[in-house]
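> Line by line, the protein sequences are chains A and B. Start counting the first sequence at 1; every next residue gets the next number (this note's numbering). Start counting the second sequence at 300; every next residue gets the next number (this note's numbering).
There may be inaccurate statements among the hints.
Listed next, the stretches of chain B that the computed footprint assigns to chain A, with coverage defined by at least 3 CB atoms under 8 Å from CB atoms of chain A [as the list claims (entries may be wrong)]:
| id | stretch |
| --- | --- |
| 1 | 317-327 |
| 2 | 339-349 |
| 3 | 403-416 |
| 4 | 425-433 |
Everything labelled a hint here was simulated from the structure, so no lab data went into it. A quick note: this is a predicted structure, and the numbers were derived from the prediction, not measured. C-beta atoms are modelled at their ideal positions from N, C-alpha and C, and glycine is treated no differently.
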Amino acid sequence: MIDEEEFSMALRTLAEREPATAAPTERLLHRGRRTRRGRTALLGTAALGTVAAVAAAVAGFGGFGGAPPGGDQVPVAAPDIRLAAAAQATAQTSFTFTVTTQTRTVPALPGPERRHYEGAYDPAVPAGYLREPGDPRFEVRTVGDDCYRRKLTMWAKKPCYPMTGVYAYLGNVDLASSAEPAQRLAELAELGTVTDLGVSGTGGAAVRRYAFEFTVEEESGGMPDRIPVTGTVEVGVDSGKVAKVVHRVKYLRTGRSTFSLDSTVTWVYADYGDPVRVEVPTGAVPDPTGPAPSPSTGG
Amino acid sequence: MTEARTWAGDTGYAAFVDEVWASHLRIATLLCGDRHRAEELLQDCLVKLYLRWRQVTARGDPHAYLRRMLANGNVSWWRRTRREHLTAESPEVAGSPGAAGEPHEELRAALLSLSRQQRAVVVLRHYADLSERQVATELGLAVGTVKAQHFRAMNKLRELLKASDRPVERTSR
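One chain only, chain A, in its complex shape (with noise of 0.2 Å):
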């Protein structure tokens, strides 16, 4: 018969059998940086780590490179702060956005080659919402700590653990990753080679755009050992917040690659600081199939 105190203890000696091994630290912060470049210019969720990866890199992180036609470069010594304060004052408010992604791959992968998204968020509950208007038959929110997910008729309900919206996606846009620009702001700043294109439009349609690129070093098999990736953001000269991020990855199979692919995301924002209202689904379910698939797979 097992007394359970007993068992406690035996378990930690079966545990403790095992001979220490040092820690490999160095060898897994090497993997972290390599992964975190990749994840960020491949993954294409991270709509306004986009723009601090823009923001660090004017405000003096980053490097500085070649302008296009008609560019001003923007030099390291000078930081862009309203650049910088558009990614701080976008997160700090509600807003809603539509994404737009439009994918074509060689050989191509199964699913449309366009899809589009709405949704909103208030990082002050927080509160927000994912959808695809094309399908409704899915939907994310998330309301405090908690995930709602809806496949079909059924809403099943999980902990956001620890509130990085891992579960709050729909395809391959993550609801809470566009609204937490800060933390990546760090983890991008080696990123980017960024040129001010001046304003354009008029009025309360003016904006201040920005073009950025940098290369991604990929060592995955079947990736390409480096990948292009280029994009705009535009920040409201008159709000001083993100109004639209543009995202593009292109690479043809060179090197190691085995595929081709062309990925542009395409972020809108707007309404800042207008009341988000998300409701509880009625009838949720703690889902029965247990953990959120994240942290584990969160990737």
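Keeping the supplied structure of chain A fixed, place chain B upon it in accordance with the hints.
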């Protein structure tokens, strides 16, 4: 881009890894039943933790987050690879070192006979010394589910260890 550039959070992360490596490797080994697989799982989880370090430390307990990753990761890994291991014997049991009949081997084998979720409940409850409520939180389960899993797991362990005629206390002293 320079590989050597240091992120602001690296120092804290490195200190955390140094602190928790040994204890979490033991947890991973109990969950996996195999030391090499446990090291692989723990390293994978720590890399993922690195990517979320700022969020996790700002809003949660990195120890708890890592334990949860280990438990989930063990289940996910098994789901991905089980087709390759469809044998009459559990792959972990098959790969376990040590001589059959040794008390610690019987305990190890009994542990590995549990489902992965039951094993996670038992390891977190009895090795990590968490309450049932804490286990439920870490695994994202209802407290009632944890209680039920724990009850079934302990009953099965009692049966197995009783049948082996090796009182468990002999392994603990």
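> Each hint needs a verdict: does it hold in this structure or not?
Here's how the hints hold up against the structure:
no.	hint	result
1	317-327	holds (count 6)
2	339-349	holds (count 7)
3	403-416	holds (count 5)
4	425-433	holds (count 3)
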